[in-house]
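Engineer: This is what each chain is made of:
Protein chains: 2
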Amino acid sequence: MVKQLKEYWLVETKYFTFASPPDEFETESGEKLGPITVAYETYGTLNKTRSNAILVLHALTGDAHAAGYHKGEKKPGWWDNMIGPGKPIDTNKYFVICSNVLGGCKGTTGPSSVNPKTGRPYGLDFPLITIKDMVDVQARLIEHLGIDTLLAVIGGSSGGMQVLQWVVSYPNRVRSAIPIATTATHSPKQIAFNEVGRQAVMADPNWKNGNYYGGPLPAKGLGVARMVGHITYMSESSMNEKFGRRINGDLKPFKFSPVFEVEGYLHYRGDNFIKRFDPNSYLYLTKAIDCFNLGNGKELSECLRGAKTRFLIISFKSDWLYPPHHSQEIARACKKAGIDCIYCELNSNYGHDAFLIEVDEQGHLIRHFLDRAAQQ
Amino acid sequence: MVKQLKEYWLVETKYFTFASPPDEFETESGEKLGPITVAYETYGTLNKTRSNAILVLHALTGDAHAAGYHKGEKKPGWWDNMIGPGKPIDTNKYFVICSNVLGGCKGTTGPSSVNPKTGRPYGLDFPLITIKDMVDVQARLIEHLGIDTLLAVIGGSSGGMQVLQWVVSYPNRVRSAIPIATTATHSPKQIAFNEVGRQAVMADPNWKNGNYYGGPLPAKGLGVARMVGHITYMSESSMNEKFGRRINGDLKPFKFSPVFEVEGYLHYRGDNFIKRFDPNSYLYLTKAIDCFNLGNGKELSECLRGAKTRFLIISFKSDWLYPPHHSQEIARACKKAGIDCIYCELNSNYGHDAFLIEVDEQGHLIRHFLDRAAQQ
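Taken in order, these protein sequences are the chains called A and B.
With my numbering, the residue at position 196 of the first sequence is 196, and numbering never jumps.
With my numbering, the residue at position 232 of the second sequence is 232, and numbering never jumps.
There's no promise every hint is true.
Remember, identical chains collapse to one label, so a pair may be satisfied in a single copy or spanning two.
[What the hints assert, rightly or not] When the alpha-carbon atoms are kept at most 27 Å apart in a straight line, the in silico DSS-like pairs for lysine-lysine are as follows:
no.	residue 1	residue 2
1	LYS106	LYS87
2	LYS308	LYS132
3	LYS317	LYS242
4	LYS255	LYS32
5	LYS298	LYS255
6	LYS106	LYS32
7	LYS336	LYS132
8	LYS298	LYS242
9	LYS106	LYS117
10	LYS255	LYS106
11	LYS71	LYS275
12	LYS275	LYS208
13	LYS317	LYS74
Source of the hints: derived by calculation from the structure; they are not laboratory data.
With the sequences and hints as input, model every part of the structure.
Structural biologist: Right, dumping it as structure tokens:
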């Protein structure tokens, strides 16, 4: 039984390549890019009417591996508590797709991929990309999988921005949308934190204007960037609970060693990040997020008007990076545009991280929303 | 008339040196340090009974120059809107003192000062210092000025921590205390932001374990640290008002140039900081702040019990670095300890910066509180 279960949950990342020259992909900024490979995973089975497909969109440092286990690995995908048989995004009912974003470093073409024109990694020759570009690439993957209309698009944080962009870019191909802990317009505060992270990376002498591949990595800079990020993902009270002012047992002689547990945690997170993430991807993806402005001068409700998509919008009270009032703005715009919309603000202590941690209430909401969406 | 006014406001920094070997100052950590020079300024006149002295305590990157103008300079001291003849801290009535903290870099002995034992700057040979050490040094200055009891100690942010420490260390020498936008215990969130700043400094290859004097400075690292700091000093809404998503006119070809106004502002602040602040001082002072824990295991009210000091505690609603509930905790401890205490939470959009900006309401409160304190 256990063996069966494990086998069921063994998943593999697949790859889809398109936009080979001369039919290159044109980015929103007007640059040509190709070929593009997309890393993706699927869970569950597409039904005969191809009407049960759900696209899950990952946040900044996520990847295509949303659920199940890769062979030989002990850690499941990043949203495994939400996706699976009998889970809120139920793979007994739905065909779930998750792909690594354009510009990423987990199998999808990004700045660390080889530029066919030079035979070397793109580095800063990679074009600036946007959330819309990511979504356009996902749309090509969906077509490749033979799916015309998605039952739902779901994602938290910058995954939520992609959800919103899907509705605006492809209003007729998305039956329902679940943007979680996100915003329709990146605020100056959010931009500021990302800019600090980018500056930390670029201040590292190993960054070398993005040409560090094959040499020493800008690990310290990326580590500092990740530390800033992790502070913004937690809440004051979750940090109080998790760390308080507890001191690490091992006091080293160096005056500025981390002594508080919270410092040790941030160092651990920062130091490990270089092992799994490309610093240039960090620059490109945070820039794409900062440039996200769904309305782009127009009123948000005008961008959404006409969409037949039903919305479930979720925010978390203690999230100060994407605070609830950003989600409320999306909900107001939906109402104004005559779009069917449910807004839920959940009590959670976990800050922005809550969308990855709070399974029970969030899962309950998503499960029932999807059930209803599937029936209509 | 204008000329007279200007002359009146010409102020000078003075210096006091003590703790020359063998009578060195002993830090809280048990290390010996000396001689110590303290840079300080005074405004107004000490009365005959020596009962009108107010000690103003600066925050992290402040200095002794709190009010008036230095000869040839166009910018007044950092709290000039609060201190002066007829101003809330009225120099027609009070004798106001402000000194640069121990470990600083604006005239008081710190890591950039010359170590008499080596003839070179201390660097990391400077001992770790605490808020209590800063206060003990200030107490020596006050004695030197012939003052036994202070009418008031006033300060915001880490200046507020010094205010609280004054009451605990010298309960009989402080008649009233005004801690503003501060905390009695540095929280893990506050520690985390400081640690990111320190890591940014120490990740800079020019930092060289603190031995950068005479060579290139760790300017990029200190710049990133300052950028993080400035984000925490503002509020989401003050950033929205000040910058929004406005783009700088001058779009440079480099992909990751700052394009948003908020980025430009942070760069400006970060780039300029190296001109006025020593990176090692940044490490020492933030560490002192992080280690601040007035109760230190005891209940806060127990530390304050017995003090005859009257308190005016001020916080600002939009301050998310030292949020009002930290000030409320101090107020609760005062009440519990039977200490006369007024707590005021002011409506301000400016976040933590409000203590430097909000003159009207804050000034009104301080003026009347001091008037009453002086009469008793």
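Engineer: Hint by hint, say whether it matches the structure.
Structural biologist: Going through the hints against the structure:
{"no.": "1", "hint": "LYS106 / LYS87", "in the structure": "within (25 Å within a copy, 61 Å between copies)"}
{"no.": "2", "hint": "LYS308 / LYS132", "in the structure": "within (20 Å within a copy, 64 Å between copies)"}
{"no.": "3", "hint": "LYS317 / LYS242", "in the structure": "both (18 Å within a copy, 25 Å between copies)"}
{"no.": "4", "hint": "LYS255 / LYS32", "in the structure": "between (51 Å within a copy, 16 Å between copies)"}
{"no.": "5", "hint": "LYS298 / LYS255", "in the structure": "between (53 Å within a copy, 26 Å between copies)"}
{"no.": "6", "hint": "LYS106 / LYS32", "in the structure": "within (21 Å within a copy, 54 Å between copies)"}
{"no.": "7", "hint": "LYS336 / LYS132", "in the structure": "within (23 Å within a copy, 57 Å between copies)"}
{"no.": "8", "hint": "LYS298 / LYS242", "in the structure": "between (42 Å within a copy, 21 Å between copies)"}
{"no.": "9", "hint": "LYS106 / LYS117", "in the structure": "within (21 Å within a copy, 55 Å between copies)"}
{"no.": "10", "hint": "LYS255 / LYS106", "in the structure": "between (38 Å within a copy, 22 Å between copies)"}
{"no.": "11", "hint": "LYS71 / LYS275", "in the structure": "within (19 Å within a copy, 54 Å between copies)"}
{"no.": "12", "hint": "LYS275 / LYS208", "in the structure": "both (19 Å within a copy, 25 Å between copies)"}
{"no.": "13", "hint": "LYS317 / LYS74", "in the structure": "neither (32 Å within a copy, 45 Å between copies)"}
The structure fails to meet hint 13 from the earlier list, while all remaining hints are met.
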